[in-house]
Structures are given as C-alpha cells and as structure tokens.
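Engineer: Each protein sequence line maps, in turn, to chains A and B.
Residue numbers 1 to 144, in my numbering, belong to the letters of the first sequence in order.
Residue numbers 1 to 397, in my numbering, belong to the letters of the second sequence in order.
If you are wondering where the hints come from, they were derived from the structure by calculation, not from laboratory data.
Because the structure is a prediction, the values reported are computed rather than measured.
Glycine included, C-beta positions come from ideal geometry on N, C-alpha and C.
Check each hint, because a few of them may be wrong.
Claimed, not checked - Some but not every residue of chain A turned toward chain B, in silico, with C-beta under 8 Å:
id, residue
1, 10
2, 12
3, 16
4, 95
5, 96
6, 118
7, 120
What the hints assert, rightly or not - DEER-style ranges, computed between Cβ atoms:
id, chain 1, residue 1, chain 2, residue 2, range
8, B, 358, A, 138, 47 to 53 Å
9, B, 168, A, 140, 37 to 43 Å
10, B, 197, A, 12, 20 to 26 Å
11, A, 99, B, 311, 31 to 37 Å
12, B, 220, A, 99, 22 to 28 Å
13, B, 203, A, 142, 45 to 51 Å
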Amino acid sequence: MNPILYAEDEENDVIFVQRAFKLAGILNPLAVVPDGQAVIDYLAGHGPYANRIEHPLPCFALLDLNMPNKSGLEALKWIRTQPAIGILPVIMLTSSSHDKDIHRAYVQGANGFLVKPGNPDELVTMFKAIKDYWLTQNRFVWNC
Amino acid sequence: MPPKIIIRFLLVDDLEANLLALEGLLRRDGLELLKARSGPEALELLLSHEVALAFLDVQMPGMNGFELAEAMRSTERTRRVPIIFLTAGAVDQQRRFRGYETGAVDFLFKPIELHILKSKAEVFFELAHQREELRATKHELQQHTVNLEKIVAERTASVRESVAELEAFSYSIAHDLRAPLRSLQGFGKFLVQEYADKIDATGQDYLRRLTTSAARMDRLIQDVLSYSQIVRSEFPLTTVDVEKLLGEIIESYPTFQNLDSKIELEGPIPKVLGNEAFLTQCLANLIGNAIKFVAPGVKPHVRIRAEMSDRHVRIYVQDNGIGIPPGNHEKIFAILQRLSKIYEGTGIGLAIAKKAAERMGGQVGFESEPDRGSIFWIELKRADRKTKQDHEPHSLR
Chain A
1 MNPILYAEDE ENDVIFVQRA FKLAGILNPL AVVPDGQAVI DYLAGHGPYA NRIEHPLPCF
61 ALLDLNMPNK SGLEALKWIR TQPAIGILPV IMLTSSSHDK DIHRAYVQGA NGFLVKPGNP
121 DELVTMFKAI KDYWLTQNRF VWNC
Chain B
1 MPPKIIIRFL LVDDLEANLL ALEGLLRRDG LELLKARSGP EALELLLSHE VALAFLDVQM
61 PGMNGFELAE AMRSTERTRR VPIIFLTAGA VDQQRRFRGY ETGAVDFLFK PIELHILKSK
121 AEVFFELAHQ REELRATKHE LQQHTVNLEK IVAERTASVR ESVAELEAFS YSIAHDLRAP
181 LRSLQGFGKF LVQEYADKID ATGQDYLRRL TTSAARMDRL IQDVLSYSQI VRSEFPLTTV
241 DVEKLLGEII ESYPTFQNLD SKIELEGPIP KVLGNEAFLT QCLANLIGNA IKFVAPGVKP
301 HVRIRAEMSD RHVRIYVQDN GIGIPPGNHE KIFAILQRLS KIYEGTGIGL AIAKKAAERM
361 GGQVGFESEP DRGSIFWIEL KRADRKTKQD HEPHSLR
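One chain only, chain A, in its complex shape:
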C-alpha cells in the first residue's frame, strides 16, 4: 500500500496528524518529512530516499505552507515542473486561512486547501473525510 507523504516541521502537529490518521482508520502508511526540500528529495528519490522499495511514491501529498528550507509552496512549484511526478495530487494542510495563501496555492496547482482545525477531534473528522474522498472514492493514476 502506497504511503501518503506529509510535510510538516512542527513535531506536535505531526503527532496530532498521526493520531487522527490512526483514529480515522486510514491504513496507508504516513511518510513524514520535515520541510519542502525533503519533499523534493523524497519524490526525486535522492539521498536518504533513494530506495523506492522503502520509500514508494505516495498516493498524494499533504504539505504545510510555512516550513524552513523550502516552503510547501516551493515544493509544490517544483512538483508541477516534473514530467512524471508532476501529476501528483497535492493538498495543502496549514493553519493559515489567508485568502492570499489559498489563492497562491491554487495558482501553483494545488488540488485542495485544508485548514488545520484547532481541535484534535475535528482533525480526526477531517481525516475521515480525506479517507472517504481521496482513498475510497478517488482514483489515482498509480495503485493506492
């Protein structure tokens, strides 16, 4: 089963998402990377992510906006320039609800924009919705 790539620099948020993932009943593994550059390295199969058996291509990516060492937006920009991985569905997952950020994300080719809820229970609800839509109803180019 292919993983879901999740880029997040905030450790606490990673714990919340991992918990919500589990409680929502998502079976795919969650591959966590700490910044935008790591997203690029993972998808390009560079450095620590060179082994595709250990690090298979994700079904889709969840990207935080503000991260050190390349933001989520910069990673998205890079993805959209790639011939093969360019079609990867990318959903922004951020605490920002600024119109400007939302607009910029779609301009760069985001497939969705989710605002992190403050309450961990609402995060579980959000991941149940992600499971229903992206992992149950939606079809991917490669197997997920």
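Start from chain A and add chain B according to the hints.
Structural biologist: Relative to the frame of chain A, chain B by itself:
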C-alpha cells in the same frame, strides 16, 4: 531668521558731485544706492538690478533723463519703476507734460529742497520695504505649505506602514501564538481521554485547570483579534434585515439553545444600515451576556424588541440578570474590563459591541439596576432613510 531685506535706488546724474550729494543725503541702513553717470550706464545697471525708485537728472549729455525714462518704460522689467526727475530748468509746462507722458511720478526742481527729496525717498523706501517683506512672508508661507505637505505625506506613509505591521502582527498572533496553545489543549485532551485511569483526582484537577486556562487564552486571543479587526477593517454599510439575522443568531449559537433559557423575539424589527458580520458579533455578544449574567438558579429570560425614531432604530436586549452596580457604568464598555470573576468571559465582548456599533455609525448603551436586570441597546441608522454619506465605505480609523 529671514534674510535682511535690501532696497535699491537708482541715481542718475552726469555730475559726480551731484551723485555724491544725493548719496550722502539718502544713505541709510537697508538701502543700496546704484549710481550711473549716463543713460546707457543706468540701463546697464537696470539689467542686473531691481530698483524701487529712480532719481533721474533731466539734463544729461547724450541720452537725457526723459529719453532714459522712455527707454525704461519700454522694457517690461523696468516699466513700473517709479521715477523722480531732477531738473534745473524753470517751471516749464512743456517739459512737465513730457515728463508725465513718459510716466514720471514726480518732479523736483533744482535747487533741490533736501527735506522734500528725503521724505519722498523715505515713502518709496518704506513702500518697497513692505512689499519685500510681504514677498518674503509669502515665500516663507509657500515653503511651509510645501514642508507641511511633505510631512503629511511622510506621516501618512508611516501610518500605512504601521497598519500593515499591525496586520502582520495580528496574523502572527493568530498563528504563532495559537499554534502552541492548540498543542497544549490537544495533549491535555489526550491525557484526559486516554490516560484518565492512570491519573489520580488531584492530577485530574490540575489537568482540568490546565486545559481550561489554555481554552481561556485561546478565547482571549480570538476576541482581541476580532476587536482589532473591527477597529481597522474597511467595510460598506448595507441594508441588514435584523429580524432575520436575530432569528439566525438565536438558532445557530449552541449556548442560546439551552432549554432553561428563554429568548423572546418581539417583532417587527425594522431593517437597519450596518454590516452583517459586525452586527452578528454585536447582537450575539449582547444576547450571550443577557443569558450568562443571571443569579445562580435563575432561568435566563431575554426579550428582544425594537423602537424606531425618525432616523434610527434602537434594538433592546432585556434580561432578568444580576444587573450592573451604578459605580461600574463607565467601565463596562472598556476593553478587558470584567466586573465579576464568577462568570466566565474575556472582558472584550462589550468592547467589541461598542466599537462595532460605532463603526456602523451607531451607538450602544444600557439601563440597569442591581438585581433588577439590564436593558442593553444598540442604535443604528434606519435602512429606509439612506443618505449619500451612508453609501460611502468607511475608511481606516
């Protein structure tokens, strides 16, 4: 200090002795005397100097005084220079006429009566001096105006910058301050939900206090943010159906759904000019307070109604609560002021209501006595009495 004003007179005579005599007679502080021994020399001096008065000897070899005067009148620069002719000739009507024709202002006949010449010169000196002073003042004023405009432009730019900084600051409060707070709340919740059986009663009490404090801080941040948003945002005034809005507010706020509390909406409530989002905050805060501040065991009973005057609509929210002690009537709308620590709150709700009402061109107020409940009201412009002004968006305050 403004520069010292120098007035110039032109003295034209072919005789050096006469020039020296005139110079000696007229010399004074602030007066520069330009001396010319002939018409052409005088014209040359006039090219580079502005003079306030010219003494012209009539009888000069070559160009005489009248010819010089004519030459001066024919040039724009020197056309308006007052002239006093000095003539040795007897009273000669022909000559006088010729002089006036060329625009002379005066004649003095030799032998010159010194005090007359001096007092005439004095008059022109004073006139010129006043004119120069006026010109300097005018210039200074213009300079000030330019400076003021520059200062205003600079201040405006700096205010704009501050507003932008403030917005960035609010944004970082919202996100940077709230993020760790949410982690705090989240982990607290996990402990309560998943580890309750491993924590004793005291530990659970600590945990409860920890999560309530975090929740309270989150509310404070959100309220301060809404307040600052109301203070600075720009919005148009539109017609708001308050009765419909009130119905929606009462239905959609979970705290207003409590079966113990009774909220009566006594229509009709006329439409007002306002902003729906701000008005929602205003009314929700007033109704929320009306329900919250009741004595223990008392079931809240809130009545909402409206009165209409010529130009305004006043919406009343009446409660059966604890009322407000007379000494506190001033404090109640101030930001972060709480009259009681028994009731949960941030002390920002009424400040938001007041600021929102003011920004919609209205006002808020109340009547209250302890133990007899309160009647809070918000007054806004009637929607059916639009004026041109009401349509203009409110600018930054």
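Engineer: Does the interface hint hold: is residue 118/A within less than 8 Å of chain B, judged Cβ to Cβ?
Structural biologist: The hint holds - residue 118/A has a Cβ within 8 Å of chain B, the shortest such distance being about 5 Å.
Engineer: Any CB of chain B closer than 8 Å to the CB of residue 16/A?
Structural biologist: holds (6 Å)
Engineer: Given the range 22 to 28 Å, decide if the beta-carbon distance of residue 220/B to residue 99/A lies inside it.
Structural biologist: Holds, at about 25 Å.
Engineer: Okay, residue 99/A versus residue 311/B on CB: inside 31 to 37 Å?
Structural biologist: Given a distance of about 36 Å, which is inside 31 to 37 Å, the answer is holds.
Engineer: For the hint on residue 95/A, just tell me whether its beta-carbon gets within less than 8 Å of chain B.
Structural biologist: Hint holds; residue 95/A Cβ to chain B Cβ min 5 Å, cut 8 Å.
Engineer: Tell me if residue 12/A is really an interface residue toward chain B, meaning its C-beta lies closer than 8 Å to one of theirs.
Structural biologist: holds (4 Å)
Engineer: So, as I understand it, the hint says residue 96/A touches chain B; can you test that by seeing if any CB pair is closer than 8 Å?
Structural biologist: Hint on residue 96/A: holds, closest Cβ of chain B at ~7 Å, below 8 Å.
Engineer: Tell me if residue 120/A is really an interface residue toward chain B, meaning its C-beta lies closer than 8 Å to one of theirs.
Structural biologist: Holds - the Cβ of residue 120/A comes within 8 Å of chain B, reaching about 4 Å at its closest.
Engineer: Given residue 10/A was flagged as interface, is its beta-carbon under 8 Å from a beta-carbon of chain B?
Structural biologist: Cβ of residue 10/A sits 7 Å from chain B, so the hint holds.
Engineer: Is the distance from the Cβ of residue 168/B to the Cβ of residue 140/A consistent with 37 to 43 Å?
Structural biologist: Taking Cβ atoms as reference, residue 168/B and residue 140/A lie about 39 Å apart, which means the hint holds.
Engineer: Just to be sure I understand the hint, the distance between the Cβ atoms of residue 197/B and residue 12/A should be within 20 to 26 Å; is that true here?
Structural biologist: Between residue 197/B and residue 12/A, where Cβ atoms are some 24 Å apart, the hint holds.
Engineer: Could you see if the CB distance from residue 203/B to residue 142/A stays within 45 to 51 Å?
Structural biologist: Given about 49 Å between the Cβ atoms, the range holds.
Hint violations for this structure: none, all hints satisfied.
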